[in-house]
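Chains A and B are the protein sequences, given in the same order. Counting with the numbering used here, you get residues 1 to 355 for the letters of the first sequence. Counting with the numbering used here, you get residues 1001 to 1280 for the letters of the second sequence.
Just so you know, these hints were derived from the structure itself, not from any lab. Certain hints may be false.
[Unchecked claim] Cross-link-like lysine-lysine pairs, in silico, DSBU-like; alpha carbons within 35 angstroms at most:
no.	chain 1	residue 1	chain 2	residue 2
1	B	1083	B	1064
2	B	1260	B	1064
3	B	1064	B	1252
4	B	1141	B	1071
5	B	1127	B	1083
6	B	1260	B	1101
7	A	144	B	1260
8	B	1087	B	1123
9	B	1083	B	1123
10	A	146	B	1247
11	A	144	B	1127
12	B	1071	A	144
13	A	144	B	1141
14	B	1141	A	146
15	B	1071	B	1252
16	B	1141	B	1127
17	B	1141	B	1064
18	A	146	B	1071
19	B	1087	B	1101
20	B	1083	B	1010
21	B	1239	B	1010
22	B	1083	B	1020
23	A	144	B	1064
24	B	1010	B	1071
25	B	1064	B	1010
26	B	1127	B	1064
27	B	1239	B	1252
28	B	1083	A	146
29	B	1141	B	1101
30	B	1247	A	144
31	B	1247	B	1260
32	B	1064	A	146
33	B	1141	B	1123
34	B	1087	B	1239
35	B	1101	B	1083
36	B	1260	B	1239
37	B	1101	A	146
38	B	1010	B	1252
39	B	1010	A	144
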Amino acid sequence: MSAVKRNKRDGRNRARFASGPTATVLRLVFSLAITFFGLLLVTFLIGRVLPIDPVLAAVGDRAPQAVYDRVREEMGLNLPLWQQFFIYISNVLQGNFGQSVLTSNPVLDDIKRVFPATLELATLATIIGVSLGIPAGVFAAINKGKWPDHVVRVIGLAGHSIPIFWLGLMGLLVFYMKLDWVAGPGRLDSFYVDFIEPTTGLMLIDTLIEGDMDLFWNAVSHIVLPASILAYFSLAYIARMTRSFMLEQLSQEYILTARVKGISEHRIIWRHALGNVMVPLVTVIALSYANLLEGSVLTEIIFAWPGLGLYITNSLLNADMNAVLGGTIVVGAVFIGVNMLSDVLYRLLDPRARR
Amino acid sequence: MPNETLLSVKNLEVMFNTPKGDVHAVRGVSFDLGRERLGIVGESGSGKSQTGRAILGLTAANGKITADQLKFHDVDLANLTPKQWRKVRGARISMIMQDPKYSLNPVMTIGDQIIEAYREHHKVNAKEARHRAIDMLDAVKIRDPERVFNSYPHEVSGGMGQRVMIAMMLIPDPELIIADEPTSALDVTVQLQVMAILDDLVRDRGMALIFISHDLQLVSSFCDRVLVMYQGLVVEEIKASALHEAKHPYTKGLLNCLPKMDGDHTDLPILEREASWAEG
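Isolated chain A (complex conformation) (with noise of 0.2 angstroms):
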């Protein structure tokens, strides 16, 4: 009998508020579209505002002024700025980012090209990050005061303030030079660079694929040291917020209801207190996730690393603007798609927040 009534409830709820699934899905839609819609706008007026003409840029300087304006014309410069944007716009949603000056290819291929590189080191970052910073974080906070806690807290403190190239630097320095235990810069020996036919991109994966072991232990190798830099400063970043919801869940009354039941200590940690952990936990790996999708300039550059972050730097140096503002809008893209993760993500974990 109740459930009927709860139905009609829920019946007037939807015809005030529109909830259920589908309009869920709808305003999540809406709401991606309209950032995403933010995102192109602001690229598009950057790329206008920039004391970059393109027109000279393709023409070189020397063009007489009939060939200049003729060029002009065909780029479309010369008609108002808003019909610029929605051709601007109507070639982005097509994959269509124009040509870039660098490379001379297609900006779309370059970042198909140079992404899955990040791609690739920056998961693994986070895998490592996330799989050592929850239970360095959960271990400082049930250890608050001792020596545990001290020991993770400057590890944090380090994560926060050495500079990235330093340590990549020192790294290669150590465990490439001196002991010889990881390979160098690159993706693979530069001998094997052409065996591989890329299919996702992602080396670990293509290697694999191809079946060829070598070829996969090579690439682990060269991925190896680049990651756990990165995964360190993610790392130190997730202890140092798990350690410190973790101190927040533990004075929380739930738990000494669960203390009451005669629940283990073990069990209280790991259930009770890093359930409603994770739900604030799951933002900040998103967005740490997001901050290194994004390519992190200084390892890549250190480690010769083909990625996104490379790519943009190079660009950027060389005033390539389509091949900025392409990368620009993927990795505007990249942190929308992420943070829409970690969304849906929080509504699993937390649910006070489905509704």
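Assemble the complex: chain A is given as a structure, and chain B must be docked to it using the hints.
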């Protein structure tokens, strides 16, 4: 009531070490408890809740418990290892917390939380535990136990949440229940309902009850005996039926604070305190 002693407390002291100096929350509380219902009454800060927590060994980390005796049957509660505590908590002594809004885990279903309390102390399979939990929800007079079983704490009302709390704490069948202000966070209209449910279950199962509250009237109607606490001391111990014969001025003062239907309404009585009450 034939009375073997369940719990024996002699000269219990709880001291907190705070940055502002030591706080002596409980100062030498003694009582013996049989299979009966004992009320502990006092205002905030009188040490009544800390007495309850000390019995379960759940005093906060900066607190220190000392007692000449703290015995439950023949278990010496003063010297238990964490492992031994886990066999006492929930299974033999349990506690009903104040506010279901904070004392239930927000990200676990109610069913999971009840099952967890049961399976910690009884080796049964998941199906049997679920069956038990739903029976227990039924026993606390929840009309749609299946639905509540699958709900999260934020989806039920305060009164419902406190029934869930009672179900969760009673399901392993402890011998002693400590109810720490179990109805203070609830609406006045559901306070008596919830209290009646708890009272019925405690009687049916022959459990002992320590009912901690600031509400003297409520305590006296659900308990056999009342301890009145003031600043960490027991100032008076009295039979609930003989409350009107209270001798201590503090108890009398508390009784006087109750509004009366008839009589003089012009002056609100003020509780006059004397420093001598706080001297052991």
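Structure-based check of each hint:
no.: 1; hint: 1083/B to 1064/B; result: 19 angstroms, holds
no.: 2; hint: 1260/B to 1064/B; result: 42 angstroms, violated
no.: 3; hint: 1064/B to 1252/B; result: 32 angstroms, holds
no.: 4; hint: 1141/B to 1071/B; result: 34 angstroms, holds
no.: 5; hint: 1127/B to 1083/B; result: 27 angstroms, holds
no.: 6; hint: 1260/B to 1101/B; result: 33 angstroms, holds
no.: 7; hint: 144/A to 1260/B; result: 52 angstroms, violated
no.: 8; hint: 1087/B to 1123/B; result: 13 angstroms, holds
no.: 9; hint: 1083/B to 1123/B; result: 17 angstroms, holds
no.: 10; hint: 146/A to 1247/B; result: 51 angstroms, violated
no.: 11; hint: 144/A to 1127/B; result: 39 angstroms, violated
no.: 12; hint: 1071/B to 144/A; result: 32 angstroms, holds
no.: 13; hint: 144/A to 1141/B; result: 43 angstroms, violated
no.: 14; hint: 1141/B to 146/A; result: 47 angstroms, violated
no.: 15; hint: 1071/B to 1252/B; result: 32 angstroms, holds
no.: 16; hint: 1141/B to 1127/B; result: 22 angstroms, holds
no.: 17; hint: 1141/B to 1064/B; result: 39 angstroms, violated
no.: 18; hint: 146/A to 1071/B; result: 33 angstroms, holds
no.: 19; hint: 1087/B to 1101/B; result: 27 angstroms, holds
no.: 20; hint: 1083/B to 1010/B; result: 24 angstroms, holds
no.: 21; hint: 1239/B to 1010/B; result: 20 angstroms, holds
no.: 22; hint: 1083/B to 1020/B; result: 33 angstroms, holds
no.: 23; hint: 144/A to 1064/B; result: 19 angstroms, holds
no.: 24; hint: 1010/B to 1071/B; result: 9 angstroms, holds
no.: 25; hint: 1064/B to 1010/B; result: 16 angstroms, holds
no.: 26; hint: 1127/B to 1064/B; result: 42 angstroms, violated
no.: 27; hint: 1239/B to 1252/B; result: 14 angstroms, holds
no.: 28; hint: 1083/B to 146/A; result: 22 angstroms, holds
no.: 29; hint: 1141/B to 1101/B; result: 19 angstroms, holds
no.: 30; hint: 1247/B to 144/A; result: 48 angstroms, violated
no.: 31; hint: 1247/B to 1260/B; result: 20 angstroms, holds
no.: 32; hint: 1064/B to 146/A; result: 20 angstroms, holds
no.: 33; hint: 1141/B to 1123/B; result: 26 angstroms, holds
no.: 34; hint: 1087/B to 1239/B; result: 33 angstroms, holds
no.: 35; hint: 1101/B to 1083/B; result: 29 angstroms, holds
no.: 36; hint: 1260/B to 1239/B; result: 22 angstroms, holds
no.: 37; hint: 1101/B to 146/A; result: 32 angstroms, holds
no.: 38; hint: 1010/B to 1252/B; result: 26 angstroms, holds
no.: 39; hint: 1010/B to 144/A; result: 33 angstroms, holds
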